[in-house]
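Trainee: Residues per chain, in single letters:
2 protein chains.
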Amino acid sequence: MIERTPEQHAEKMKKKQAAHDKIMATKTQEKGLLIVHTGKGKGKTTAALGMVVRAIGHGKKVGVVQFVKGAMTTGEKAVFDAFRDHVTFKPMGEGFTWNTQDKTRDIALAREAWEEVKRMIADPAYAMVLADELNIVLRYDYLPVDEVVAAVTDRDEMKHVIITGRNAPEALMEAADLVTEMTLIKHPFRSGVKAQAGIEY
Amino acid sequence: MIERTPEQHAEKMKKKQAAHDKIMATKTQEKGLLIVHTGKGKGKTTAALGMVVRAIGHGKKVGVVQFVKGAMTTGEKAVFDAFRDHVTFKPMGEGFTWNTQDKTRDIALAREAWEEVKRMIADPAYAMVLADELNIVLRYDYLPVDEVVAAVTDRDEMKHVIITGRNAPEALMEAADLVTEMTLIKHPFRSGVKAQAGIEY
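Read top to bottom, the protein sequences are chains A and B. Counting along the first sequence from 1, when you hit position 178 you're at 179 in our numbering, and nothing is skipped either side. Counting along the second sequence from 1, when you hit position 183 you're at 184 in our numbering, and nothing is skipped either side.
Just chain A, same shape as in the assembly:
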């Protein structure tokens, strides 16, 4: 820590504020964002659902399609249930992959979930669409990446689309406006702690 006099500190902070204001003044464009949360760390779905909370708090309508079971937890569901008019929640990932052990059925399920995402993207009622864990089914080649990238690129320019899941395809990250990678530094599961209410679900 560099020691500064109160006057030096005030001067430095004043400059910082001015620099910040100057940058912000150049940010004038409003547009729908394509947002990708990827990486092996936690928080991809949680941060996406946090954005859903923000959007519904602004009175916007949000569509959520869950490609993998359990992405929307019982805890979140209880809260979103209080805002039923603002959130359409489609848990499409029941019984996926390692549960079904039936690849043909899994591909059909992925297709069905994806068609729902496309319907929501095309529906002007939705300001935001969250395709939760879509990256997982892309990783398994259950859906063509090209088709997904084309659909999310060719959306209404004010619509926000959020896609989560590890191993986001390169083409999707290239098309995105905002990509955040969640990196696992330390995880309590490694030391025998189980999933707990309010944390994992």
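One should not assume that every hint holds.
Stated by the list, open to error - Taking lysine-lysine pairs in the DSS-like style, the calculated list, with each CA pair at most 27 Å apart, reads:
#1 Lys160/B - Lys187/A
#2 Lys104/A - Lys13/B
#3 Lys17/A - Lys70/B
#4 Lys91/A - Lys78/B
#5 Lys13/B - Lys23/B
#6 Lys41/A - Lys16/B
#7 Lys41/A - Lys70/A
#8 Lys78/A - Lys61/A
#9 Lys70/A - Lys104/A
#10 Lys104/B - Lys15/A
#11 Lys91/B - Lys78/B
Hints in this document: simulated from the structure, not taken from any laboratory.
Start from chain A and add chain B according to the hints.
Mentor: Just chain B now, with coordinates in the frame of chain A:
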């Protein structure tokens, strides 16, 4: 993508399920977690507030102390207002640092916010305490890291504490159960897009 017959696929997925179940069976411990969200990427506060949503959805009580202005957005506030009995929200960071340009006052504000966090940690009514952007004031040396680490380490063993902000101190990460780093891969601000309702606030 490796091509497998449906039978090979079923066999592989069955093994995956069994391996997953075996690992989960060893996770039996329940305990309060010290969770740190750091890194330069987005989603640190959003994912923490997502955990707050989960916890209140389970009927738990959560305390949120905001060390830097604007961490709780108007969007989230509207949603949390519907769950007033479950969330105590203390926005302590009004007029911090580059706004005040008054270091002495900033340190006093940081102290006040921290004392509130300590009160909430000590209060059995709270199942979870979020010290949002606490890392920022630690980074500026407005609070002693040792004091913070000692207080969060010496808490009730079932209490969850979440601390967010870039540049988490090493000692805090060492004390934590779960550390996630949010890494910025791509950001729309760089291309002139302004902060938007439902995304940044």
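Trainee: Indicate, hint by hint, whether the structure satisfies it.
Mentor: For each hint, the structure was consulted:
no.	hint	verdict
1	Lys160/B - Lys187/A	holds (18 Å)
2	Lys104/A - Lys13/B	holds (11 Å)
3	Lys17/A - Lys70/B	holds (16 Å)
4	Lys91/A - Lys78/B	holds (25 Å)
5	Lys13/B - Lys23/B	holds (15 Å)
6	Lys41/A - Lys16/B	holds (21 Å)
7	Lys41/A - Lys70/A	holds (18 Å)
8	Lys78/A - Lys61/A	holds (18 Å)
9	Lys70/A - Lys104/A	holds (16 Å)
10	Lys104/B - Lys15/A	holds (12 Å)
11	Lys91/B - Lys78/B	holds (12 Å)
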